[in-house]
Amino acid sequence: MSTSKTLTFSSLAIQKTLKSPSPPFHHITSFSSPFLHFPFLPQRSTSALHGHKPPGASFSTNLAFDSSIDSQEDTVAQILSKPDRIERLMKMQRLKEPGQEDGVTGAGACARRWFPYLDLFRSGEIEVSSKEIIDVLDPYIMEARKERIQRAVSNRTYSLCLVVEGLTDFGNVSAAFRSADALGVQSVHVISCDSSKRYRDNRHVSMGSEKWLDIELWDSPAECFTALNKRGYRIATTCLGPNSVSVYELDWSQPTAIVVGNENMGISDEAIRLSDLHCSIPMRGMIDSFNVSVASGILMHHAVCDRTSRLGRHGDLAPEESQILLAEFYLRHRESTIGILHEYAKRKGHNNVHSFNFGHL
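Using UniProt numbering, you'd call the opening residue of the sequence shown number 1 and step up by one each time.
Note that these hints are calculated values from the structure, not bench results.
Hints may be right or wrong, so weigh each one.
[Said to hold, decoys possible] Listed next, the in silico DSSO-like pairs over lysine-lysine satisfying Cα-Cα at most 27 Å (straight line):
id: 1; residue 1: Lys131; residue 2: Lys146
id: 2; residue 1: Lys146; residue 2: Lys348
id: 3; residue 1: Lys348; residue 2: Lys230
id: 4; residue 1: Lys346; residue 2: Lys146
id: 5; residue 1: Lys131; residue 2: Lys96
id: 6; residue 1: Lys230; residue 2: Lys146
id: 7; residue 1: Lys131; residue 2: Lys348
id: 8; residue 1: Lys346; residue 2: Lys91
I would like the entire structure built from these sequences, with the hints used as guidance.
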(Lines of atoms letter the chains of each structure in order from A; the text may use other names.)
(Lines give C-alpha, C1' and ligand atoms only; values in the text may rest on other atoms or scores of the structure.)
Protein backbone atom coordinates (compact mmCIF):
# COMPACT_ATOMS: atom_id res chain seq x y z
CA MET A 1 0.00 0.00 0.00
CA SER A 2 0.95 3.57 -0.44
CA THR A 3 2.55 5.50 2.37
CA SER A 4 -0.36 7.87 2.09
CA LYS A 5 -2.86 7.71 4.93
CA THR A 6 -5.75 6.82 2.71
CA LEU A 7 -6.43 6.11 -0.90
CA THR A 8 -9.49 6.39 -3.07
CA PHE A 9 -10.49 6.49 -6.65
CA SER A 10 -12.48 9.09 -8.34
CA SER A 11 -14.03 10.18 -11.63
CA LEU A 12 -15.93 12.16 -14.22
CA ALA A 13 -19.67 12.18 -14.35
CA ILE A 14 -21.16 9.64 -16.73
CA GLN A 15 -23.94 10.80 -19.02
CA LYS A 16 -27.27 9.67 -17.62
CA THR A 17 -28.67 9.24 -21.12
CA LEU A 18 -26.75 6.01 -21.75
CA LYS A 19 -29.28 3.46 -20.47
CA SER A 20 -30.22 -0.09 -21.28
CA PRO A 21 -33.08 -0.42 -23.78
CA SER A 22 -34.97 -2.49 -21.21
CA PRO A 23 -36.15 -1.17 -17.83
CA PRO A 24 -33.77 -1.55 -14.89
CA PHE A 25 -34.04 -4.75 -12.89
CA HIS A 26 -32.80 -5.79 -9.47
CA HIS A 27 -32.30 -9.56 -9.68
CA ILE A 28 -30.55 -11.27 -12.59
CA THR A 29 -31.80 -14.75 -13.45
CA SER A 30 -28.72 -16.14 -15.11
CA PHE A 31 -25.03 -15.34 -15.15
CA SER A 32 -22.75 -16.58 -17.92
CA SER A 33 -19.33 -16.11 -19.40
CA PRO A 34 -16.72 -18.34 -20.98
CA PHE A 35 -15.71 -19.22 -17.40
CA LEU A 36 -18.72 -20.17 -15.30
CA HIS A 37 -22.46 -20.48 -15.14
CA PHE A 38 -24.96 -19.99 -12.32
CA PRO A 39 -28.50 -18.60 -12.03
CA PHE A 40 -29.91 -15.85 -9.85
CA LEU A 41 -33.34 -15.80 -8.28
CA PRO A 42 -35.52 -14.57 -11.13
CA GLN A 43 -37.32 -11.29 -11.39
CA ARG A 44 -37.17 -11.16 -15.16
CA SER A 45 -35.92 -13.96 -17.34
CA THR A 46 -32.71 -14.01 -19.31
CA SER A 47 -34.55 -15.65 -22.18
CA ALA A 48 -36.56 -12.45 -22.57
CA LEU A 49 -33.31 -10.54 -22.88
CA HIS A 50 -31.49 -12.89 -25.22
CA GLY A 51 -34.26 -14.74 -27.03
CA HIS A 52 -33.33 -18.17 -25.70
CA LYS A 53 -33.52 -20.22 -22.54
CA PRO A 54 -30.22 -20.36 -20.67
CA PRO A 55 -28.73 -23.77 -19.90
CA GLY A 56 -29.14 -25.32 -16.46
CA ALA A 57 -26.90 -24.38 -13.61
CA SER A 58 -25.55 -26.02 -10.52
CA PHE A 59 -26.69 -23.64 -7.77
CA SER A 60 -28.78 -20.57 -7.04
CA THR A 61 -28.17 -17.32 -5.22
CA ASN A 62 -30.13 -14.13 -4.68
CA LEU A 63 -27.27 -11.76 -5.50
CA ALA A 64 -29.07 -8.51 -6.29
CA PHE A 65 -28.14 -5.62 -8.51
CA ASP A 66 -29.18 -2.89 -6.12
CA SER A 67 -29.39 0.33 -8.08
CA SER A 68 -29.38 2.26 -4.82
CA ILE A 69 -25.72 1.35 -4.38
CA ASP A 70 -24.77 3.00 -7.64
CA SER A 71 -27.00 6.03 -7.15
CA GLN A 72 -25.95 6.67 -3.55
CA GLU A 73 -24.82 10.26 -3.33
CA ASP A 74 -21.54 10.31 -1.44
CA THR A 75 -20.11 13.78 -1.10
CA VAL A 76 -16.49 14.67 -1.71
CA ALA A 77 -16.29 15.73 1.93
CA GLN A 78 -17.48 12.33 3.12
CA ILE A 79 -15.08 10.51 0.82
CA LEU A 80 -12.06 12.55 1.90
CA SER A 81 -12.82 12.55 5.63
CA LYS A 82 -13.69 8.89 6.24
CA PRO A 83 -10.90 6.34 5.68
CA ASP A 84 -13.32 3.41 5.64
CA ARG A 85 -15.20 4.93 2.69
CA ILE A 86 -11.91 5.48 0.89
CA GLU A 87 -10.46 2.04 1.48
CA ARG A 88 -13.56 0.16 0.35
CA LEU A 89 -13.32 1.83 -3.06
CA MET A 90 -9.95 0.21 -3.84
CA LYS A 91 -10.20 -2.47 -6.53
CA MET A 92 -6.97 -3.83 -8.06
CA GLN A 93 -4.02 -4.44 -5.76
CA ARG A 94 -1.57 -1.55 -5.44
CA LEU A 95 2.16 -1.71 -6.04
CA LYS A 96 4.37 -1.25 -2.99
CA GLU A 97 5.84 2.21 -2.62
CA PRO A 98 9.40 2.67 -3.94
CA GLY A 99 11.79 2.21 -1.04
CA GLN A 100 9.56 -0.22 0.85
CA GLU A 101 10.53 -3.86 1.30
CA ASP A 102 10.58 -5.95 -1.85
CA GLY A 103 7.31 -7.61 -2.75
CA VAL A 104 5.37 -8.71 -5.77
CA THR A 105 6.37 -6.80 -8.88
CA GLY A 106 4.19 -6.06 -11.85
CA ALA A 107 3.42 -3.50 -14.51
CA GLY A 108 3.90 -0.82 -11.87
CA ALA A 109 7.62 -1.60 -11.65
CA CYS A 110 8.20 0.61 -14.67
CA ALA A 111 11.48 2.49 -14.78
CA ARG A 112 10.26 5.30 -17.05
CA ARG A 113 7.50 6.49 -14.74
CA TRP A 114 5.16 5.41 -11.98
CA PHE A 115 2.21 3.08 -12.46
CA PRO A 116 0.42 2.08 -9.24
CA TYR A 117 -1.40 -1.18 -9.97
CA LEU A 118 -0.49 -4.85 -9.97
CA ASP A 119 -2.16 -7.24 -12.39
CA LEU A 120 -4.06 -8.71 -9.47
CA PHE A 121 -7.49 -8.62 -7.84
CA ARG A 122 -8.00 -10.62 -4.65
CA SER A 123 -11.26 -12.23 -3.63
CA GLY A 124 -10.44 -13.87 -0.34
CA GLU A 125 -7.58 -16.22 -1.14
CA ILE A 126 -8.39 -16.34 -4.85
CA GLU A 127 -6.37 -14.21 -7.26
CA VAL A 128 -7.94 -12.86 -10.46
CA SER A 129 -6.02 -11.21 -13.31
CA SER A 130 -7.02 -8.15 -15.32
CA LYS A 131 -7.63 -10.33 -18.38
CA GLU A 132 -10.05 -12.51 -16.43
CA ILE A 133 -11.86 -9.43 -15.12
CA ILE A 134 -12.27 -8.02 -18.63
CA ASP A 135 -13.36 -11.38 -20.09
CA VAL A 136 -15.96 -11.85 -17.35
CA LEU A 137 -17.42 -8.33 -17.34
CA ASP A 138 -16.95 -7.15 -20.94
CA PRO A 139 -19.99 -8.90 -22.48
CA TYR A 140 -22.32 -7.30 -19.96
CA ILE A 141 -21.38 -3.64 -20.17
CA MET A 142 -23.24 -1.66 -22.80
CA GLU A 143 -21.25 -0.99 -25.96
CA ALA A 144 -21.52 2.80 -25.65
CA ARG A 145 -20.19 2.66 -22.09
CA LYS A 146 -17.38 0.26 -23.03
CA GLU A 147 -16.27 2.52 -25.87
CA ARG A 148 -16.21 5.50 -23.55
CA ILE A 149 -14.23 3.65 -20.88
CA GLN A 150 -11.75 2.33 -23.44
CA ARG A 151 -11.31 5.81 -24.92
CA ALA A 152 -10.69 7.28 -21.48
CA VAL A 153 -8.10 4.61 -20.63
CA SER A 154 -6.24 5.15 -23.91
CA ASN A 155 -5.87 8.85 -23.03
CA ARG A 156 -4.79 8.37 -19.41
CA THR A 157 -1.35 9.12 -17.99
CA TYR A 158 0.46 8.90 -14.66
CA SER A 159 3.29 11.08 -15.99
CA LEU A 160 1.36 14.12 -14.83
CA CYS A 161 -0.47 14.43 -11.51
CA LEU A 162 -2.30 17.18 -9.64
CA VAL A 163 -1.72 18.10 -5.99
CA VAL A 164 -4.17 20.39 -4.17
CA GLU A 165 -2.96 21.78 -0.85
CA GLY A 166 -5.30 23.01 1.88
CA LEU A 167 -8.28 23.93 -0.30
CA THR A 168 -11.32 24.89 1.78
CA ASP A 169 -13.95 25.28 -0.95
CA PHE A 170 -15.13 21.91 -2.21
CA GLY A 171 -16.56 23.57 -5.28
CA ASN A 172 -12.95 24.27 -6.24
CA VAL A 173 -11.82 20.76 -5.30
CA SER A 174 -14.58 19.16 -7.34
CA ALA A 175 -13.90 21.44 -10.33
CA ALA A 176 -10.19 20.58 -10.22
CA PHE A 177 -11.05 16.88 -10.13
CA ARG A 178 -13.37 17.23 -13.12
CA SER A 179 -10.65 19.01 -15.08
CA ALA A 180 -8.14 16.28 -14.22
CA ASP A 181 -10.49 13.57 -15.43
CA ALA A 182 -11.45 15.45 -18.59
CA LEU A 183 -7.77 15.98 -19.46
CA GLY A 184 -6.66 12.41 -18.76
CA VAL A 185 -4.73 13.08 -15.54
CA GLN A 186 -5.43 9.93 -13.53
CA SER A 187 -3.65 10.71 -10.25
CA VAL A 188 -4.80 13.45 -7.85
CA HIS A 189 -3.40 14.18 -4.38
CA VAL A 190 -5.02 16.11 -1.53
CA ILE A 191 -2.90 17.62 1.26
CA SER A 192 -4.75 18.62 4.41
CA CYS A 193 -3.70 18.62 8.07
CA ASP A 194 -7.27 18.56 9.39
CA SER A 195 -9.71 17.37 6.77
CA SER A 196 -12.60 16.92 9.22
CA LYS A 197 -12.58 20.66 10.02
CA ARG A 198 -11.70 21.91 6.56
CA TYR A 199 -14.40 19.96 4.80
CA ARG A 200 -17.23 19.72 7.32
CA ASP A 201 -19.29 22.56 5.79
CA ASN A 202 -19.08 21.25 2.23
CA ARG A 203 -21.65 18.46 2.17
CA HIS A 204 -23.43 19.01 -1.11
CA VAL A 205 -20.77 18.24 -3.70
CA SER A 206 -21.78 14.85 -5.08
CA MET A 207 -19.53 12.14 -6.48
CA GLY A 208 -18.78 12.65 -10.17
CA SER A 209 -15.32 12.72 -11.68
CA GLU A 210 -14.05 11.28 -8.38
CA LYS A 211 -15.27 7.83 -9.39
CA TRP A 212 -12.65 7.39 -12.09
CA LEU A 213 -9.62 9.11 -10.57
CA ASP A 214 -7.03 7.79 -8.12
CA ILE A 215 -7.11 10.13 -5.12
CA GLU A 216 -4.54 9.95 -2.35
CA LEU A 217 -4.69 11.86 0.93
CA TRP A 218 -1.69 13.24 2.80
CA ASP A 219 -1.19 15.01 6.12
CA SER A 220 1.60 17.36 5.00
CA PRO A 221 3.53 18.58 1.95
CA ALA A 222 6.64 16.78 3.23
CA GLU A 223 4.86 13.43 3.34
CA CYS A 224 3.29 13.91 -0.10
CA PHE A 225 6.38 15.28 -1.85
CA THR A 226 8.66 12.58 -0.43
CA ALA A 227 6.42 9.86 -1.85
CA LEU A 228 6.08 11.62 -5.21
CA ASN A 229 9.84 12.14 -5.49
CA LYS A 230 10.38 8.42 -4.88
CA ARG A 231 7.90 7.69 -7.64
CA GLY A 232 10.00 9.77 -10.02
CA TYR A 233 8.05 13.04 -10.10
CA ARG A 234 9.51 16.52 -9.98
CA ILE A 235 7.43 18.86 -7.82
CA ALA A 236 6.26 22.09 -9.50
CA THR A 237 4.53 24.55 -7.16
CA THR A 238 2.52 27.39 -8.66
CA CYS A 239 3.55 30.69 -7.12
CA LEU A 240 4.90 34.12 -8.01
CA GLY A 241 8.48 35.00 -7.14
CA PRO A 242 11.92 35.81 -8.52
CA ASN A 243 12.65 32.12 -9.22
CA SER A 244 9.30 31.39 -10.82
CA VAL A 245 9.32 30.39 -14.49
CA SER A 246 6.49 30.58 -16.99
CA VAL A 247 4.52 27.36 -17.44
CA TYR A 248 5.06 27.86 -21.17
CA GLU A 249 8.82 27.42 -20.75
CA LEU A 250 8.68 24.03 -19.03
CA ASP A 251 9.10 20.61 -20.63
CA TRP A 252 5.96 18.79 -19.51
CA SER A 253 7.04 15.48 -21.04
CA GLN A 254 8.95 14.85 -17.79
CA PRO A 255 6.96 13.24 -14.94
CA THR A 256 5.65 16.26 -13.02
CA ALA A 257 3.39 16.90 -10.05
CA ILE A 258 1.55 20.24 -10.35
CA VAL A 259 0.83 21.78 -6.94
CA VAL A 260 -1.87 24.41 -6.40
CA GLY A 261 -2.59 26.04 -3.05
CA ASN A 262 -5.23 27.47 -0.76
CA GLU A 263 -7.76 29.93 -2.23
CA ASN A 264 -6.64 32.77 0.07
CA MET A 265 -3.10 31.99 1.22
CA GLY A 266 -1.81 30.16 -1.83
CA ILE A 267 0.98 27.58 -1.57
CA SER A 268 2.36 27.09 1.94
CA ASP A 269 5.94 28.06 2.78
CA GLU A 270 6.72 24.40 3.46
CA ALA A 271 5.50 23.33 0.03
CA ILE A 272 7.47 26.11 -1.69
CA ARG A 273 10.62 25.17 0.21
CA LEU A 274 10.34 21.45 -0.58
CA SER A 275 9.41 21.77 -4.26
CA ASP A 276 11.82 21.25 -7.15
CA LEU A 277 10.72 24.30 -9.13
CA HIS A 278 8.29 27.22 -9.05
CA CYS A 279 6.09 28.12 -12.01
CA SER A 280 3.34 30.61 -12.82
CA ILE A 281 0.82 31.46 -15.51
CA PRO A 282 1.67 34.82 -17.13
CA MET A 283 -1.06 37.37 -16.32
CA ARG A 284 -2.11 40.12 -18.78
CA GLY A 285 -4.59 42.06 -16.68
CA MET A 286 -4.83 44.02 -13.47
CA ILE A 287 -5.10 41.01 -11.16
CA ASP A 288 -2.19 38.68 -10.47
CA SER A 289 -3.92 35.31 -10.02
CA PHE A 290 -6.69 33.03 -11.27
CA ASN A 291 -9.27 31.22 -9.20
CA VAL A 292 -7.55 28.01 -8.04
CA SER A 293 -9.85 25.69 -9.99
CA VAL A 294 -9.39 27.78 -13.14
CA ALA A 295 -5.61 27.81 -12.64
CA SER A 296 -5.61 24.02 -12.23
CA GLY A 297 -7.48 23.59 -15.50
CA ILE A 298 -5.19 25.97 -17.40
CA LEU A 299 -2.05 24.31 -16.04
CA MET A 300 -3.17 20.78 -16.86
CA HIS A 301 -4.50 21.78 -20.28
CA HIS A 302 -1.22 23.42 -21.22
CA ALA A 303 0.74 20.42 -19.90
CA VAL A 304 -1.39 18.07 -22.03
CA CYS A 305 -0.88 20.26 -25.12
CA ASP A 306 2.87 20.44 -24.53
CA ARG A 307 3.12 16.68 -24.02
CA THR A 308 1.11 16.06 -27.20
CA SER A 309 3.38 18.43 -29.14
CA ARG A 310 6.57 16.79 -27.88
CA LEU A 311 5.49 13.14 -27.72
CA GLY A 312 2.73 12.92 -30.32
CA ARG A 313 0.11 12.01 -27.71
CA HIS A 314 -0.78 12.57 -24.08
CA GLY A 315 -1.85 9.07 -23.01
CA ASP A 316 1.27 6.97 -22.50
CA LEU A 317 0.30 3.73 -20.77
CA ALA A 318 2.02 0.55 -21.91
CA PRO A 319 -0.32 -2.18 -23.27
CA GLU A 320 -0.19 -4.21 -20.05
CA GLU A 321 -0.85 -1.06 -17.99
CA SER A 322 -3.81 -0.14 -20.18
CA GLN A 323 -5.26 -3.61 -19.66
CA ILE A 324 -4.92 -3.32 -15.88
CA LEU A 325 -6.49 0.16 -15.80
CA LEU A 326 -9.29 -1.04 -18.09
CA ALA A 327 -10.03 -3.84 -15.61
CA GLU A 328 -9.95 -1.28 -12.78
CA PHE A 329 -12.48 0.90 -14.62
CA TYR A 330 -14.71 -2.11 -15.31
CA LEU A 331 -14.71 -2.81 -11.57
CA ARG A 332 -15.59 0.82 -10.79
CA HIS A 333 -18.39 0.83 -13.37
CA ARG A 334 -20.92 -0.41 -10.80
CA GLU A 335 -20.76 -1.67 -7.24
CA SER A 336 -22.50 -4.82 -8.46
CA THR A 337 -19.54 -5.84 -10.63
CA ILE A 338 -17.58 -6.69 -7.50
CA GLY A 339 -20.28 -9.19 -6.52
CA ILE A 340 -20.07 -10.78 -9.95
CA LEU A 341 -16.31 -11.13 -9.66
CA HIS A 342 -16.53 -12.62 -6.16
CA GLU A 343 -18.94 -15.24 -7.52
CA TYR A 344 -16.52 -15.96 -10.37
CA ALA A 345 -13.63 -16.30 -7.91
CA LYS A 346 -15.71 -18.65 -5.75
CA ARG A 347 -16.32 -20.89 -8.76
CA LYS A 348 -12.69 -20.62 -9.78
CA GLY A 349 -11.65 -21.67 -6.29
CA HIS A 350 -13.80 -24.80 -6.58
CA ASN A 351 -12.22 -25.63 -9.96
CA ASN A 352 -15.67 -25.82 -11.49
CA VAL A 353 -15.68 -23.31 -14.36
CA HIS A 354 -18.64 -23.10 -16.73
CA SER A 355 -20.46 -20.48 -18.82
CA PHE A 356 -22.79 -17.76 -17.59
CA ASN A 357 -25.02 -15.16 -19.12
CA PHE A 358 -27.08 -12.13 -18.10
CA GLY A 359 -28.15 -8.74 -19.43
CA HIS A 360 -26.22 -5.50 -19.61
CA LEU A 361 -25.06 -4.07 -16.30
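Now for the hints, and whether the structure bears them out:
1. Lys131 to Lys146: With Cα atoms ~15 Å apart, Lys131 and Lys146 stay inside 27 Å; holds.
2. Lys146 to Lys348: Holds. Lys146 to Lys348 sits at ~25 Å (cutoff 27 Å).
3. Lys348 to Lys230: violated, 37 Å
4. Lys346 to Lys146: holds, 26 Å
5. Lys131 to Lys96: Holds, at about 22 Å.
6. Lys230 to Lys146: Status violated; Cα separation ~34 Å.
7. Lys131 to Lys348: holds, 14 Å
8. Lys346 to Lys91: holds, 17 Å
Hint compliance for this structure: hints 3 and 6 are not met, and every other hint is.
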